[in-house]
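Position chain E relative to chain C; hints supplied.
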Amino acid sequence: MIGTKEKEQFLEQGYLIVKNVYQEDELKALNQQYFNIWLELMAAGKIVQNSQRPLETLYPNRLRDFHRDNQEITDFMLKREALQLLEFLLEEDILAVQSNYYFKPPGTKGLGFHQDNVHIGIEPDTSYAIWVSVDATNEENGSLNIVPGTHKMDMTEIEVIPGSSNAFGSELQQKPKGYTTVKVNTEPGDIVIFTGNIYHGSSKNKSQYRYRRSFVTHFARKSVEKIALNYSHLVDKDGKRVRRRINTHPKIIEEQTSIFDYRDATFYDQIIKGM
Amino acid sequence: MQGLLERIDSTFLQVEDMERACQWYHDTLGFPILWRTDIIIALKVGDKTPLTLVKKGTVPANHPPFHFFTSNIEKVRDAMIENNIQVEEIRDYGTVQLLDFIDSEGNHLHVCQYEMG
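Residue numbers (this note's numbering), protein chains in the order written: chain C, 1 to 275; chain E, 1001 to 1117.
Honestly, I wouldn't trust all of these hints.
[Unchecked claim] No farther apart than 25 Å at their CA atoms in a straight line, the calculated lysine-lysine pairs in the BS3-like style are these:
no., chain 1, residue 1, chain 2, residue 2
1, E, 1048, C, 206
2, E, 1075, C, 183
3, E, 1075, C, 177
To be clear, the hints were calculated from the coordinates, so they are not data collected in a lab.
Okay, chain C solo, but in the shape it has when bound (with noise of 0.2 Å):
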């Protein structure tokens, strides 16, 4: 499905996009699960909307980790074919880390910018994330917003930004100077592959009727040798426990020591709690 000419352009750019690697009837399964999720969270009275923003908040911002008690999404998410591009960029086999699920419907915020290694904290080297559009995306919906050439950077400092708007944040980071953002136009089953080291994030779906679902996996390669505590629930390709030494000293928690405590962190920490 890609060669010589893509790994080029991964190595170069910092992400690679490859269309069609998911099916309608897995995309289909997928968004089923994640439905009966959120469905069971709202009868638990997990999710609390904020009148000022009802559809947004009828939604949690995402839905981490559920694979982690559901072997259909594990499945989704350790699809062999969707490994293997990984695995051939990097040259090495990969381990799980985390998923995300977004449902962002009409009116959901975007994603300031951020390098993911921020807070995943792998070393050596850096994450890599594979992000599947479950929805067609462009920018009326919410694009994937991308910088190509930043996954050349070291990790940078972290901002707290406020505002009236949740386009305002406590965790951002600047566009470097001389760089320009992509916005990527995606079809359901395609997927994006990116670096943890390379600036992104996403608009805000302007839609009036459509979701943008979207999941996305990070991974590292397998000869990482530390993680954030909070990222630390590694697997490999057959869904099998590995573990690897704790990273106390991620990037987030060095910029922001006085702030943070990711130690404490909840395992659903995408739950809103009566915003």
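Chain E in isolation, oriented as in the chain C frame:
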């Protein structure tokens, strides 16, 4: 530059204890929460300018007391340069852009632009 700075987007107040401040402003004064993190809480104050609480020590001590809003931050920067206003490069955070400038009194102020609906 008339009309380029369209409104005050938010005023800011730095607070010591976010939970205590949230209870006081949200529960006691009754301002609805627009959105929040552990260190930022934006409150709706009637239909006018929101009030944003931010945890002391997480932003520079001289953080501006308010943000201007524009829907064309590059045009604002060009116009400020034409008017000999001391202005920095635009800071791009993806979902929001900020422009730092200095007023006639030496105050450090911001113009912001972000994705509207």
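We went through each hint and held it up to the structure:
no., hint, in the structure
1, 1048/E with 206/C, "23 Å, holds"
2, 1075/E with 183/C, "22 Å, holds"
3, 1075/E with 177/C, "19 Å, holds"
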